[in-house]
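Starting from the given sequences, assemble the full structure and let the hints guide the process.
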Amino acid sequence: MMQAHHVWGDQLLIVLLSMVPGLPLVMAFCLLYSPLRRFSLKLAPWTALTAVLASLLIHSEINLEVSWFFMGGRMGLDTTGRTFLLFTGLIWLISGLFGKEYLDGKGANSTSHNFYFFYLIAMCGNFGLIIAQEILGFYLFFGLMSFAAYGLIVHNKSDEAWRAGRIYIILVMISEVLLISALFLLVSKSESMQLSDVGKVIPSNITFLLIFLGFGIKAGALPFHFWLPLAHPVAPAPASAVLSGAMIKAGLLGWLRFLPLGQASLLPEWWGYLFVIMGMLAAFYAVFVGILQENPKTILAYSSISQMGLMTTIVGCGLLVPGNRSLVVGAVTIYALQHGLAKAALFLGTGMVYHVRGRCHKPSWWFWMGLTIPCLALSGLPLTGGFLAKQGFKELVYFVPPVTAQWLSILLPLAAGGTALLLCYFYLKIKLLAEEQCDAVGFYGLWWIVMLLMALGLPWIWPLETVIDRSLPTMGEVAGALGPLFIGVLIGLFWGLRLWKRTRYNIPAGDIVVLFSCFNGQWHGKSSLLFISKFQNLLKVGVKRYLPLSIEKIYMAVKHFENLMKRWTVVGSCYAVLLCILLLMLTYFQ
Amino acid sequence: MSWEQWVIVFIFLSSLVPGMVIFTLPESAHRLRTFLNLSGAILKLILVVTMVVNIYQGREFEIAFALLPDVEFVLRADALSALFATLSSTLWLVTTVFAVGYLEGSPNRSQFFGYFSLCITVTIGIALAGNLLTFLVFFELLTLTTYPLVVHRGTSQVMDAGRIYLIYALTGGAIFLVAVIWLRVLVGPLTFHEHGLLAPYEQSLRIPLTIIFILLISGVGVKAALVPFHGWLPQAMVAPAPVSALLHAVAVVKAGAFGIIRIVLDVYGIETAQRLHLLSPLGGIAVFTIVYGSVRALGQDNLKHRLAYSTVSQVSYITLGISMGGTGAIMGGLVHLVHQGLMKITLFFCAGNLAETLGVHNISEMRGAGRRLPLTMGAFTVGVAGMIGLPPMAGFVSKWYLGIGALEQQQDWIIVVLVCSTLLNAAYFLPIVYTVWFEKQQGLWPDERDFGRWETHWMLLLPTLTTALLVLLTGLLAGSSLSPLAWVKLIVRTEYGL
Numbered sequence: 000m001m002q003a004h005h006v007w008g009d010q011l012l013i014v015l016l017s018m019v020p021g022l023p024l025v026m027a028f029c030l031l032y033s034p035l036r037r038f039s040l041k042l043a044p045w046t047a048l049t050a051v052l053a054s055l056l057i058h059s060e061i062n063l064e065v066s067w068f069f070m071g072g073r074m075g076l077d078t079t080g081r082t083f084l085l086f087t088g089l090i091w092l093i094s095g096l097f098g099k100e101y102l103d104g105k106g107a108n109s110t111s112h113n114f115y116f117f118y119l120i121a122m123c124g125n126f127g128l129i130i131a132q133e134i135l136g137f138y139l140f141f142g143l144m145s146f147a148a149y150g151l152i153v154h155n156k157s158d159e160a161w162r163a164g165r166i167y168i169i170l171v172m173i174s175e176v177l178l179i180s181a182l183f184l185l186v187s188k189s190e191s192m193q194l195s196d197v198g199k200v201i202p203s204n205i206t207f208l209l210i211f212l213g214f215g216i217k218a219g220a221l222p223f224h225f226w227l228p229l230a231h232p233v234a235p236a237p238a239s240a241v242l243s244g245a246m247i248k249a250g251l252l253g254w255l256r257f258l259p260l261g262q263a264s265l266l267p268e269w270w271g272y273l274f275v276i277m278g279m280l281a282a283f284y285a286v287f288v289g290i291l292q293e294n295p296k297t298i299l300a301y302s303s304i305s306q307m308g309l310m311t312t313i314v315g316c317g318l319l320v321p322g323n324r325s326l327v328v329g330a331v332t333i334y335a336l337q338h339g340l341a342k343a344a345l346f347l348g349t350g351m352v353y354h355v356r357g358r359c360h361k362p363s364w365w366f367w368m369g370l371t372i373p374c375l376a377l378s379g380l381p382l383t384g385g386f387l388a389k390q391g392f393k394e395l396v397y398f399v400p401p402v403t404a405q406w407l408s409i410l411l412p413l414a415a416g417g418t419a420l421l422l423c424y425f426y427l428k429i430k431l432l433a434e435e436q437c438d439a440v441g442f443y444g445l446w447w448i449v450m451l452l453m454a455l456g457l458p459w460i461w462p463l464e465t466v467i468d469r470s471l472p473t474m475g476e477v478a479g480a481l482g483p484l485f486i487g488v489l490i491g492l493f494w495g496l497r498l499w500k501r502t503r504y505n506i507p508a509g510d511i512v513v514l515f516s517c518f519n520g521q522w523h524g525k526s527s528l529l530f531i532s533k534f535q536n537l538l539k540v541g542v543k544r545y546l547p548l549s550i551e552k553i554y555m556a557v558k559h560f561e562n563l564m565k566r567w568t569v570v571g572s573c574y575a576v577l578l579c580i581l582l583l584m585l586t587y588f589q
Numbered sequence: 000m001s002w003e004q005w006v007i008v009f010i011f012l013s014s015l016v017p018g019m020v021i022f023t024l025p026e027s028a029h030r031l032r033t034f035l036n037l038s039g040a041i042l043k044l045i046l047v048v049t050m051v052v053n054i055y056q057g058r059e060f061e062i063a064f065a066l067l068p069d070v071e072f073v074l075r076a077d078a079l080s081a082l083f084a085t086l087s088s089t090l091w092l093v094t095t096v097f098a099v100g101y102l103e104g105s106p107n108r109s110q111f112f113g114y115f116s117l118c119i120t121v122t123i124g125i126a127l128a129g130n131l132l133t134f135l136v137f138f139e140l141l142t143l144t145t146y147p148l149v150v151h152r153g154t155s156q157v158m159d160a161g162r163i164y165l166i167y168a169l170t171g172g173a174i175f176l177v178a179v180i181w182l183r184v185l186v187g188p189l190t191f192h193e194h195g196l197l198a199p200y201e202q203s204l205r206i207p208l209t210i211i212f213i214l215l216i217s218g219v220g221v222k223a224a225l226v227p228f229h230g231w232l233p234q235a236m237v238a239p240a241p242v243s244a245l246l247h248a249v250a251v252v253k254a255g256a257f258g259i260i261r262i263v264l265d266v267y268g269i270e271t272a273q274r275l276h277l278l279s280p281l282g283g284i285a286v287f288t289i290v291y292g293s294v295r296a297l298g299q300d301n302l303k304h305r306l307a308y309s310t311v312s313q314v315s316y317i318t319l320g321i322s323m324g325g326t327g328a329i330m331g332g333l334v335h336l337v338h339q340g341l342m343k344i345t346l347f348f349c350a351g352n353l354a355e356t357l358g359v360h361n362i363s364e365m366r367g368a369g370r371r372l373p374l375t376m377g378a379f380t381v382g383v384a385g386m387i388g389l390p391p392m393a394g395f396v397s398k399w400y401l402g403i404g405a406l407e408q409q410q411d412w413i414i415v416v417l418v419c420s421t422l423l424n425a426a427y428f429l430p431i432v433y434t435v436w437f438e439k440q441q442g443l444w445p446d447e448r449d450f451g452r453w454e455t456h457w458m459l460l461l462p463t464l465t466t467a468l469l470v471l472l473t474g475l476l477a478g479s480s481l482s483p484l485a486w487v488k489l490i491v492r493t494e495y496g497l
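Read top to bottom, the protein sequences are chains A and B.
Here the first sequence stands for residues 0 to 589, where the numbers follow numbering that gives the first Met the number 0.
Here the second sequence stands for residues 0 to 497, where the numbers follow numbering that gives the first Met the number 0.
Since the hints were derived computationally from the structure, they do not count as laboratory data.
The beta carbon of each residue, even a glycine, is placed where N, CA and C say it ideally should be.
BS3-like, lysine-lysine: derived pairs with alpha carbons at most 25 Å apart:
1) Lys488(B) / Lys188(A)
2) Lys156(A) / Lys439(B)
3) Lys199(A) / Lys188(A)
4) Lys156(A) / Lys41(A)
Residues from chain A that face chain B, not an exhaustive set, calculated with beta carbons under 7 Å:
5) Ser66
6) Trp67
7) Phe69
8) Gly71
9) Tyr138
10) Gly142
11) Met172
12) Val176
13) Ser180
14) Phe183
15) Ser187
16) Glu561
17) Leu581
Okay, here's the thing in structure tokens:
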């Protein structure tokens, strides 16, 4: 069963590893059984502790076969997996604990077991895909997580939530079929189901595109990013936190596991450029659309798209550099780690402002102080995780082909400025919102502070695959980081405080989804961009009027045909004609 | 007679005798009838499992005698028979339990259960048939034993549907008969053989063999619901739920698919059929049926109609796998014989529970049914996930092997078909799941009955949960040596040497 040594401690670790996805699953089903409900509701968030413990306790690379599981399973932890498991586990743990108080306070106690059912299943999926070491296990848990997240998104049962859920589930199905096609092609090429083997074969162009799109949907890559700004505002705060902090990182992990990184000499160049260009496009496009939003959670969603764009770019660099796989993986991992924790902290913080409890008072000064921390960290303030992540990225840029490197060295500070701008705008928006609403910071504030501390400290102390320079930055580096940050904040302040006249352009959340919205008649974006509404009308006329009409016609014809076939005279004569033809054929050919 | 032959005889008697006795029982003998039914079903399952274990150990089970001069009657259990026999007898047991619960208090139960037992006897005959003539005999008998079940309720609408079923099935049967006799005259005894028995005649009888193939496939294709012979299946949905379950998962449709497997693999042989260029058209029809059935399912509001069209589509996965040839694809097709049965029977049980407990027949009436029937609807969700082919359900295993097999045979376009089918399945099944779990109940249920402690009668609930669990376990434990997949691997390895 096991490759490593048969020692007591190791056996325990294996049990621990199986409990990482197993315990949330068991707990989820306990929630369904009403006598156990109160008890298991209390324990539900704590099940994520197994993931944190596993990532802390398991040092050696564990890799064990579970042959009875689903056509041959294999689970284990490598260095990348450990880091992903750690920050994912922390986000699930803290958001879950936060959510318990949060949902209670909302007076939604009666439905909170519904929420935690989906929460635990999605958690199981997210942990499972990290420890899965063969493709079918990965695919299984990936699907489990994706489908369970639907329950989190629609939890509030508002019209917007149903709409977001519908769009989300359609994208999930598309991503599922893209991935299964990719897996078919990969396995028939590598003839192995192990992730370690699959990552080494060079996929065909089609397989590559399938992987890009299939995981890109989850990772919020262009052009399938639009579910994020729809889903985040409608989901409860802890759900948004795990969606943005942990679940979209699963798409990123998928790329790391399935793409042949660091083998540039064997790959077509355009693969890397596709990732780099789409990534950079997302990074800037999301900032542009984000600053036209009103809802703070939508702004954060766009910020996530932008940040995921940067991570996509890093993966793209990984496809462009020869060798240095570990450098690439390290850069992506630390970026994911710091973004996940910081973004989760931001979403939880937003939840605290939104949250109205019996008594009414405004958030205190420490809340606003605290909220600046993840904003600044994501913008790359020196001494924060964001700064470290950007340093890691810069180190990688030395290795990519010179022209790309040149472009990236111009674009990266701009992107950092964009991040600062967007988050500054977010900060102002949420401050304005807090003036209008009132709030009480309850016990869950504590869990928020824990998340903040993790976001601050973890990037510094967690051992990573590659040695990223974590010594104190030089003055030059500090200046290089502070420049874009300062300019971004400045523009953000100007923009957010309406110090110059704002245009009336207002892109609806989910931007390009308006192009598809004509397919369902219930919702129309409040789009004031003339060309979009024109295009929408065109589609509406074209698709809504003529497509169903022609489908209807075909449908009627088919129905008519089937009714005809029901008459025995028709069936009988068909058979007779068939027999005659066959007999004729026989006589003719012989 | 050796004990192996006695086992075969008793497998038949275990349902034949109870069936005959039940015919003579008065309507009121409820307990005795149930006892006979269940003990017969359990006995049969035990016998079949014994047989399977012994086949695994290399023993031979065969009975052969001449029915008429030159007409050999052969019952022989090879690994493929064992697969179908195990499936049928397992599902028969659960369906019997379900039927007892379902028909409680309705008239003519003795007649119903009598035919019910005959039906399974005949199905076992199809599974164990050792040559094409024996297969033919049981195949025709199947039509005759299932017809009374379809028209059990006896209303005029039901009789109409029954007539359509009879016309389709008898015409199919007649064509099949012609083809079998023709083939028998041309090549002599038609004992099933692993590599087919027509290879020697391939050159000399090219055209007749092609025509016979077309006739054979259109004969069994009626039962396998290949488009354009599928028209009877949605009609036959007027039958009671256990009969639908039986038609779709255990006996009729399965017998058709099994017939296609036998004809392609054991009569013609994969290589011969390939060289005669018979398989690509068959694959084409299968693909068309898969897509057509799913598209038609989209438009149905009646739950059982939607399930029926879904069967049309799903059963063709089996044909598709066989028609591609190659290890992976054949494995995918064969294992789907079992998997489709488990998944579809679960869904039909759920439809039956809805009808019996709440009086709900249409999808639009199912709003909020998840709160009222959580276990049933949980089983339904598992079945749906299997149908779409989501891991770790059974359906995914079939899809996986079909996809790998398609690439093995350089038929990459099949992947596109699988993708389309997956999306279509999701499009017509996921909205039901949404309606059931996420929408609120509106008004009262059409015809609600209270069953006390459980959400519905335990005899309706237990079979549903059992098959749902099997859908999950056959998928999740597909790698273990007890799974259908492991048995299919054995079939493919030992019998076809692939």
